[in-house]
Structures are given as C-alpha cells and as structure tokens.
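Peer 1: Protein chains in written order, with our numbering: chain A, 179 to 751; chain B, 616 to 800.
The reader is advised that the hints may include incorrect statements.
Across the chosen pairs, the derived CB separations fall in these ranges [to be verified]: (1) B/Asp799 x A/Asn449: 18 to 26 angstroms; (2) B/Lys782 x A/Ile672: 32 to 40 angstroms; (3) B/Ile731 x A/Asn449: 51 to 59 angstroms; (4) B/Asp799 x A/Glu544: 55 to 63 angstroms; (5) B/Glu785 x A/Asp516: 14 to 22 angstroms; (6) B/Ile731 x A/Gly577: 20 to 28 angstroms; (7) B/Leu725 x A/Leu560: 48 to 56 angstroms.
These are computed hints drawn from the structure, not numbers from a lab. Everything numeric in this text was worked out from a predicted model, so none of it was measured. Glycine residues also receive a C-beta, built at the ideal position from the N, C-alpha and C atoms.
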Amino acid sequence: MNYDFDVCVIGSGAGGGPIAYTLANAGYSVLVLEKGPWHTEKEFTKDELALSLRSTFTPDLRKQPHVVELQDDDENWNKQNTYKSGWDFWNGNVVGGSSNFMSGFFHRMKPNDFKLLSTYGPIEGANVADWPIEYSEMEPYYDKVEKVVGVSGRVVKHPHQEPRSSLDFPYPPTQEHPVSGLIDKACGALGIHAIPTPRAVLSRPALDRPSCSYNGYCGNYGCATGAKGSSRVALLNQAVATGNCEIRPESMVVKIESDKNGQISHVRYLNKENKLINVNARIYVVACQAIETSRLLLMSPGEKHPNGLANNSGQVGKNLLFSAGGAGSGRILYSKFDEIQAKNLHEFGTFVNRAVQDWYQIDDKEFFDTPQKGGTIDFVHLHPNPVVRSLRQIRGSEGITWGAPLKRKLESHFTEGKFLKIEAFCDFMPVPNCHVSLDPDVKDQWGLPVAKIKIDMHVRNLQVGWYLAAKGADVLRKMGAENVFSFTSGAPSINLLAGGCRFGTDPETSVLNPDCQAHDVENLYITDGSFMPTGGSVPYTWTIYANSFRVADKILERLGRSKSESIIRNVFG
Amino acid sequence: MMNRRQFFIKSSGGVIASTIASLSMKSFSAVFDKTWADKLVDSGLSSKQWEILFAVQNHLLPSEPGKPGAQDVNTLSYFRSIITDPDYDQGDRNFVKTGLIELEGISIKLMKTTFIDLSATQREQALRAFEKEPNGYPWITTQLNYILEALLTDPLYGGNPNGIGWKWLEHTPGFPRPNKQYFDL
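Model the full structure from these sequences, guided by the hints.
Peer 2: Structure follows, in structure tokens:
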C-alpha cells in the first residue's frame with residue numbers, strides 16, 4: 179500500500195517535535211498537523227496585552243471553550259463553560275505548542291518517581307501506579323534533550339541528585355541575578371542545598387541558535403531570540419531543514435478513522451479554508467497535550483472502537499494529572515542594603531536559577547510516620563508583567579482600593595523592593611474523579627463536542643504542597659525578606675497537564691504499552707504527557723521531550739532504523 | 616463599523632489622537648465634541664454616559680504632580696477602543712452601560728445631582744455605595760482593569776504615552792517591544 183507519509187504527527191509541541199526530528203533526520207517522510215498558526219521569533223515580542231491579557235496564541239473561548247466540572251461544598255458536581263468562567267486549559271495553539279511559552283525549568287524525574295507505588299506504598303483514594311519502565315531506560319533520553327534541545331545548568335552534589343551519564347550540562351547556567359547569592363547564603367545557614375535550576379534556555383550561541391538576550395520577561399513569553407528550547411525552534415526547524423518533514427499549520431484534525439481491523443486508516447482534518455482533507459501514513463503519533471489528545475481519541479470511534487479510538491478498556495481520559503504543590507513570596511527591601519547592593523538588586527533581566535530538592539523525599543516524623551514522597555522548591559522572580567502586578571494592588575481588606583491609596587500601593591509595590599516567589603512542585607495524585615470526557619451539550623466552532631474536564635484532587639497534594647512551600651518560606655525569611663507567606667491550593671495547574679492515556683503492561687488498566695503504542699491500535703503512538711501514570715515532583719516538559727525521543731527510537735526500530743543505514747545494509751549485505 | 620484595529624490605526628497618527636491627548640490639559644467639557652460620541656454608536660453609550668465614565672476614571676486614578684492619572688494615560692480613548700471593537704462581548708458592553716446607569720441613579724438618589732457635578736468627596740461616597748451593590752464590585756474592578764491597562768501596556772495601544780506609566784513606577788519594559796498590535800499577528 180502506498181502512503182502519503184511514513185509518519186503523521188498530530189500536534190507539534192514537546193510530544194510531537196522529537197518524533198518529527200528523529201524520523202525526518204533518519205530519512206522518513208513526516209507530516210506534522212498543527213491546529214494553530216506558524217509564528218516565528220519576530221512575533222514573540224514582549225507585549226503583555228498579547229501574552230497575558232488576551233487570547234492571542236490560544237483559541238477564542240467563545241468558539242472553543244472547555245467545560246469544567248467541579249464539586250461544590252455540598253459535594254454536588256457542577257459544570258461550567260470556560261467562556262463564562264474565564265479560565266481555560268489552552269496553553270499555546272501554535273507551531274511548537276505550549277513549549278513556546280514554557281518557563282523552561284528543566285528538572286529530571288528521579289528513579290523513585292518511576293516506582294512510586296512500590297517505593298512508598300499505596301495511598302488510599304489515589305490510583306498510584308509504577309511506571310512500566312525504569313529511570314535507567316529514560317536517562318539516555320534526558321541526556322539527549324540536554325544536548326539537542328539545549329539545557330543549561332551546573333551539576334552540584336545534593337542528597338537527591340539523580341544518576342547522570344554526562345558529568346555536567348552541555349551549556350553553563352544562564353546569567354544569574356545577585357539575589358541568587360542571597361539564596362545560597364540563606365540555604366547554607368539553614369544547612370540545605372541551593373542547586374542551580376537547569377533551564378531549557380541557551381546561555382551561549384549553539385545549535386545554530388543565539389544565546390538568551392536577558393530581556394527579563396522570559397517566563398511564559400515566547401522567545402524573541404530562539405534561545406528557549408521550544409519544539410519549534412529546537413526540533414521542527416531542523417526537521418523541516420532535512421527536506422523530509424512538512425508542517426501544515428492551521429490544520430484541525432476532526433477525526434482519526436480506523437478500519438475493520440481496528441487500525442488507523444487515515445486522518446481527517448480541516449485546513450485554513452475549512453476544507454476537509456484526508457491524509458494517511460504508516461504510523462500515526464498523537465501529541466495534542468493531555469486534554470485534547472483524550473478528546474480526539476474519544477471523538478474517533480470506529481467499528482472496532484465503539485467508545486473511541488484505543489478506548490476498549492474505557493481508560494482514555496482517565497487518571498488526568500495536573501501539577502500539585504504550593505507557592506509563596508516575600509519582598510527584599512532595597513532599604514535594608516547599602517547603595518551599591520541595592521543598585522545590584524535592581525538588576526533586570528537575569529535569572530534566579532535556584533531550587534532546593536532536600537525534601538524530594540520527606541523523612542520527617544512530624545509530617546508522617548514513614549518516608550513520603552516530597553518535591554522540588556524553585557525560587558523565581560515575580561514576573562515583571564506590570565498590568566498583572568498592578569491589578570493585584572486593587573484588592574483591599576475593606577473593598578476595592580482606588581484613587582490616591584491605590585497610587586501609593588503601586589509606588590510601594592513597584593519601587594521599594596525585589597519580590598521573590600516560591601514555586602513548589604509535588605506529585606498530583608491520580609484520582610478517580612479527575613478525567614476527560616466529551617461534553618454532551620457544548621460544541622466548538624466546528625460543531626464538535628468539547629472536552630469536559632472533571633477535576634478532583636487528593637488531600638495528599640495539599641499536605642505535601644503546604645510542607646514544601648513552608649520550607650521555601652523559611653529560606654525567604656532567612657534572607658531577611660518581609661511579608662513572607664506561603665500557601666497551597668487545590669486549584670489545578672492550567673499549564674502542566676499529563677495523564678489520560680496511561681502507559682502500562684495491562685491493557686485493562688492502561689491505554690498504551692511501555693513503548694507508548696496503543697494496546698489495541700498497532701499504528702498509533704501517543705507521545706505528549708498523556709502516557710504518564712504519575713508525574714513526579716517536577717514540571718513535566720523535560721520528561722515529555724525525553725520520552726518522545728525514546729518512542730521515536732522505538733518507531734525507528736520498527737521502521738527498520740534509518741533509511742540510509744538500510745540502504746547500506748542492502749548494498750553491502 | 617470601526618473595529619479595534621481600525622481605531623488604533625487612526626488614533627496612532629490621526630486627528631482623534633490629538634483630540635484625546637488634549638484631554639489631559641483640559642476638562643472633558645472643554646474638549647468633548649458631542650458628535651464624537653454620537654459617531655460611536657457601537658459603544659452603546661450616550662454622550663453623557665461618556666462624560667460620567669470620564670469622571671469615574673479620573674476619580675479611580677487621579678492625576679497628581681509628576682504621577683500620571685487616568686486622563687494623562689488616555690484611559691477614555693483606550694476604553695473607547697475596547698468597547699467599540701465588534702468582537703467585544705455584547706453582554707460586557709451592556710454591563711458597562713447598566714453600571715453607568717446604576718451609578719448615576721445612586722448619585723441622584725444620594726446627592727440629588729449627576730455624578731459629573733459631584734465633588735471628589737461625593738464621588739467617593741457614590742462609588743463606595745455602588746461598590747456594595749451586586750453589580751458595583753465587578754463593574755468598578757472592570758474599569759480599573761482597563762485603566763491599569765492604559766497606564767502600563769505598550770504605548771502602541773494608545774495608552775501610556777511615551778511610557779509615562781512605566782517611568783512613574785520605575786518599570787523596565789521587556790524587549791523587543793511590539794511593533795504590531797496583537798490582533799494583527
């Protein structure tokens with residue numbers, strides 16, 4: 179049978195990029211279908227209105243909402259259209275997906291994260307499972323991401339340093355703000371380890387990309403230089419350059435069709451002109467971010483898949499993961515320092531780059547009788563977004579603040595000190611009432627059912643998040659910060675999504691096998707964060723990249739390795 | 616019908632820009648062209664309601680020496696671009712009008728006169744009374760949202776002329792700064 183392409187990848191973010199990169203470089207023809215437009219560095223200016231206050235790189239919620247289902251205090255479940263609620267789970271519908279807008283804190287998962295159940299035991303009410311692979315199988319791919327996507331950092335000794343095949347990162351840390359030295363000093367005094375936070379940001383020109391320009395707005399903004407390792411700039415540009423990869427932006431896949439044997443026959447998508455187009459390939463890879471991946475499978479029933487593609491176990495959409503943790507902040511007053519030090523603290527554009535992982539496992543009898551999984555504490559600048567920051571000042575204890583009192587609050591907030599934030603990451607426990615399904619009522623602009631996201635969370639998320647955030651707050655206090663506070667929240671992270679198509683060895687309890695191939699659809703692989711049974715106590719992107727490179731090698735093996743190698747084998751026997 | 620994009624193109628170098636800029640120097644009545652509001656039928660607001668809005672904005676962020684207030688950062692024209700955008704939600708547009716009617720009703724009830732003619736103390740009293748009404752809190756918060764946008768977003772969007780909001784708060788904008796409005800990307 180003739181195919182249009184060897185591989186068709188749906189979604190161009192961190193899950194799709196490594197597949198396109200690997201297969202195109204090996205000589206296979208790859209098609210990438212991306213729902214959003216193809217922007218480049220020149221569109222990623224530091225425009226707060228575009229990035230933080232309007233839906234510029236995400237869909238108009240009137241046309242493409244989600245439905246969120248939450249439990250109220252009386253334990254009744256209530257649905258809400260995200261157009262009305264004002265919050266949503268879109269994170270970047272453009273070529274390169276949400277990786278364009280990641281902060282790029284790149285922490286690896288650790289060996290125990292791959293065997294949470296067998297290491298720490300079951301947790302009542304949580305559906306914890308070990309991964310079907312071990313850290314050692316993922317490690318070479320974490321290493322590959324460091325080199326190919328570009329991760330800057332410095333390895334230091336600390337109690338929970340994971341094993342590495344490379345001695346150090348290929349790129350030195352990005353330039354650091356003077357406040358990092360204050361964190362080091364405070365952590366030293368507390369007897370804990372401040373470690374340089376690895377970042378998917380180039381600290382020097384490399385990989386045909388420029389270095390970071392230190393504009394201070396990095397955070398959730400697209401990168402104007404190409405130093406940030408988005409899937410688009412680090413992988414897809416290179417894949418296209420091979421001549422073997424075609425990217426079709428503004429292509430909305432509406433259904434994956436399967437044949438009488440249950441295998442995918444072709445994909446149907448709407449192009450920019452709203453014309454329905456069919457395309458087929460030997461192998462299909464879905465990587466639309468966790469919620470939309472489950473939605474697409476559920477929207478794609480077939481003769482052998484009456485409940486949605488790859489959903490004969492009923493597991494598609496289940497065990498959805500967000501990120502759990504805590505947060506906090508404090509302010510370092512300039513007035514506490516001499517003139518030169520205060521001037522240094524005003525520095526703008528460089529990174530904090532500090533994290534603490536001393537409590538990646540919590541051995542604290544006051545917290546729990548037995549050792550428990552803990553997490554990561556990151557220290558970051560308060561993002562400079564001035565409108566977002568100023569809006570927080572209108573909240574007063576006795577009503578809205580306006581007029582001259584508002585102006586005094588603004589002056590104090592913006593000019594008197596340096597705000598430092600704590601972001602603590604811990605495992606989001608998979609629970610039965612946290613999943614994706616198709617909403618029976620709400621349709622998107624194409625008349626397709628939108629994803630309904632039922633959200634529940636385990637109390638363990640709050641316990642660990644609270645513990646870690648409080649430890650972070652201790653560091654801020656030791657630094658002499660004022661107004662230090664820390665908290666945890668049950669609100670789901672909107673930008674860190676995983677699960678929904680868990681991988682495992684049992685087709686009854688998982689959607690994918692250990693190679694991230696669907697148990698009951700041989701020509702389907704899923705490579706965004708959907709595969710993760712648990713997410714570790716770190717942001718997910720590095721693991722998604724690494725796993726996608728791992729799966730790319732599995733697909734390559736299945737296709738007969740690189741085409742050039744095959745030719746050599748055929749010619750020379 | 617003028618949409619937000621067309622408005623910005625026009626206001627960035629045209630006659631309207633100079634009219635609005637002069638608001639910072641003069642009272643609303645001195646510069647307000649009655650036909651200006653009549654042309655803005657898309658806004659759904661009358662001339663008088665625009666005048667009330669102008670007064671509200673200047674009360675919420677008053678001008679002080681060396682410290683810009685609403686009129687210095689063109690909040691009225693900034694908001695005009697928002698509300699006349701055909702993409703602006705009709706429900707939100709109605710909410711702006713309803714809020715102005717409610718506030719004016721409170722003013723007349725408490726002080727027997729229009730909000731426009733109130734002293735600063737009376738305006739504070741009227742707005743605090745409005746804040747306690749079900750629509751008051753979200754309405755005032757919404758207005759403050761747009762006022763602070765006009766104060767601190769890139770001057771490309773018509774507010775924050777020459778970055779005066781940034782300079783006041785010693786804020787360093789990121790770079791590169793936008794050379795296109797987001798809806799033109």
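Peer 1: Find the hints from earlier in the document that the structure breaks and name them by number, from lowest to highest.
Peer 2: Failing hint: just 7.
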